[in-house]
Amino acid sequence: MAETVFAPWDDPNETPLIRFRNVTKRFGDFTAIDDLTLDIFEREFFALLGPSGCGKTTMMRMLAGFENPTDGSIELAGQDIAGVPPNKRAVNMMFQSYALFPHLSIWDNIAFGLRRESSDKAAIAARVEEMLKLTRLEKFARRKPHQISGGQRQRVALARSLAKAPKLLLLDEPLGALDAKLREATQFELMDIQEKTGTTFVIVTHDQEEAMTVASRIAVMDEGRVMQVATPDRIYEAPESVYVADFIGDVNILAGTVKATGDQTYALGIENGTVTAVSERPFSDGQNAHLAVRPEKVAIHTTAPEGTDNLLQGKVLDIAYLGNLSTYHVELPGGQIIKAQTANTRRLSRRDITWEDHVWVSWTKTAGVLLDG
Amino acid sequence: MNRLSPFNVVSLTLGFVFLYVPMLILVIYSFNASKLVTVWAGFSTKWYGELLSNDAFLDAAWVTLRVAVISSTIATVLGTMAAYVLVRGGRFFGRTLFSGMIYAPLVMPEVITGLSLLLLFIGVGLDRGVLTIVLAHTTFSMCFVSVVVSSRLVTFDRSLEEAALDLGASALQAFRLVTLPIIAPAVISGWLLAFTLSLDDLVIASFTSGPSATTLPMKIWSSVRLGVSPEINALSTILIGLVTIGVIAASIGSKHAALRAKRDEQAAARAQ
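Residue numbers (the working numbering), protein chains in the order written: chain P, 1 to 373; chain X, 1001 to 1272.
Think of the hints as simulated: they come from the structure by calculation, not from any bench.
Take the hints with a grain of salt, since some may be wrong.
To be verified - Stretch-level coverage of chain P by chain X, calculated; a stretch enters the list once three of its residues show a Cβ under 8 Å from a Cβ in chain X:
1. 107-116
2. 192-198
3. 274-280
Stated by the list, open to error - Listing some non-contacts, in silico: residues in chain P with all C-beta distances to chain X over 10 Å:
4. Asp80
5. Lys88
6. Leu322
Said to hold, decoys possible - A partial selection of chain P residues facing chain X, derived with a Cβ cut-off under 8 Å:
7. Ala64
8. Phe66
9. Ser97
10. Phe101
11. Pro102
12. His103
13. Lys164
14. Ala165
Keep in mind that this is a model prediction, so the values were computed, not measured.
We treat Cβ as the ideally placed atom computed from N, Cα and C, and that holds for glycine.
All chains, please: the whole structure from these sequences, using the hints.
Here is the structure:
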């Protein structure tokens, strides 16, 4: 039996937990969110990714209830939540600054939300202990927030926002304040806790690696609009626009005009010749298009190889050595630069390509994505 | 230890002389046995004893204390509320005007404040007494409280309140359980400031008090006009003593808190 893949967005019978319907949010003359429609499903780990000022934080604040949409509606579990104040929503938020109450102990911080809705001391204590255990903070229960480390504070903030078992947990740049090593460990911890509790997580981040690691789906945003919503691999491998291709990871973009050469196969006339690409999306002859090819899908050769789909000649302009990988910047005769990435499986001393070398770069016709415009 | 340059030694000495010599003379003469203030006739504490049996002074002290406690408490509540609205109310109509106006009484000459309050009380037909002094002191010390509290609120992380709301607290609960405990030091210093201002106010109290209520500064002022008595020196010495104790207690308290915070931080660093 094949393992069932978690993909409620492909199932027409699933009803989404959150529905943004034509939501617009304006602050005076500034449009933060522009006619946005989006569905988020139960148990999803959904990432809102974009540069600062793209509206991702505004979306999160609308879900939390700190802002209301100017137009359109937001539904949570089938209910329009516009006008419902934040303290009446089954939504909790983990703040970027953590916003731990400095005058309360870790224990009281976690119990804060529980005490607002119940006076059953035993039940509250049991739930707090459960949260402390989940986030491995038992030892620190009596400490104040300034008496623990940054990573521990982050876990307290998570425990506090999960204590009320919200339908939806919002995470605003949750790992921004942690150093790289701790951030990586915490990402996996977050995924683990999300799986254990079965809560729907919506995370706001500008760190694409973080979004790729934790999320089941990513919404790439720009200037108040969602550019693409898809799983991390689709976002990376099949971007729908030059913006998305360029925003996520490193990419070579080649501009030219298209000519159909066969079934779903097109020739793109670029400055340095013609390259071939396969595209399921139809293009008409003479249309302007861009080909996006990831550097790791481009091979670099010292002699012209046989039987490649696309082959271009150039000279090595720069080599970025990253330890495990090297990225070669190859300048084509017209000045365009193609980046080719190879894994450094051999020691550096045995590398046979160096600056100013004349080399060939090649990629297959299915390696790139043909994009409009 | 750094050695001070001769210039610094001179300026330090002059500063302290200017500040404390007058008070020192007053304290010394309060223990003077002679009734003549300027003639030293040996050590005695009899003026302190006489002070305790002087009903007029005791009454005035009692009035002053009541006025100070009540007016500073009301001023703290109103001033904190005003600060909260001005800092947190968003951009409502007239906000700039209001926040500018809250500072105006700070620079207004006391004579003008006193006179305008007097005219108001006469206008509305309020009998002058303890009540009118309380109202007057509340009015001017409220601005000081508001300034102190709003400067704290400006640096207050708004997301703490949002977190409280997000966790199900009402706006009032968020204020009571989160905001107020955190800004409490500023509110307390606001109260202390208002209390001190009320305690040593002479001008406004003179305008707004009636025959039934005389505050201590008024009493001292009126007795000095008939000649400085050793009793006044004794009274002033007691006031200086109280203020000194208060200042020392406050600084010990804050030093203690700073030490504890430092210890906590070290404990946190070890825990990482």
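Outcome of the hint check:
1. Counting residues of the stretch 107-116 of chain P whose CB lies closer than 8 Å to any CB of chain X gives 3, so the stated coverage by that chain holds, three being the minimum.
2. Counting residues of the stretch 192-198 of chain P whose beta carbon lies closer than 8 Å to any beta carbon of chain X gives 0, which falls short of the minimum of three for the stated coverage.
3. Here's how the stretch 274-280 of chain P fares: 0 of its residues keep a CB closer than 8 Å to some CB of chain X, so the rule of at least three is not met and the hint is violated.
4. The non-interface label for Asp80 of chain P is consistent with chain X: the shortest C-beta to C-beta separation is roughly 19 Å, beyond 10 Å.
5. The beta carbon of Lys88 of chain P is not kept farther than 10 Å from every beta carbon of chain X, the shortest such distance being approximately 8 Å.
6. The beta carbon of Leu322 of chain P sits about 30 Å from the closest Cβ of chain X, which is more than 10 Å, so the claim that it is off the interface holds.
7. With 8 Å as the threshold, the beta carbon of Ala64 of chain P comes within range of chain X, its nearest partner Cβ sitting at about 6 Å, so the hint holds.
8. At about 6 Å, the closest approach between the beta carbon of Phe66 of chain P and any beta carbon in chain X falls short of 8 Å, and the interface hint on this residue holds.
9. Using the Cβ-Cβ criterion of 8 Å, the hint placing Ser97 of chain P at the interface with chain X is satisfied: the shortest such distance is roughly 5 Å.
10. With its C-beta approaching chain X no nearer than about 6 Å, Phe101 of chain P sits inside the 8 Å limit, and its interface hint holds.
11. This hint holds: Pro102 of chain P has a C-beta 6 Å from the nearest C-beta of chain X, less than the 8 Å allowed.
12. This hint holds: His103 of chain P has a C-beta 5 Å from the nearest C-beta of chain X, less than the 8 Å allowed.
13. The restraint placing Lys164 of chain P at the interface with chain X holds, with a minimum CB-CB distance near 7 Å, inside the 8 Å limit.
14. A distance limit of 8 Å between C-beta atoms decides the matter here; for Ala165 of chain P the minimum to chain X is near 12 Å, and the interface restraint is violated.
Hints 2, 3, 5 and 14, counting from the list given before, are not met by this structure.
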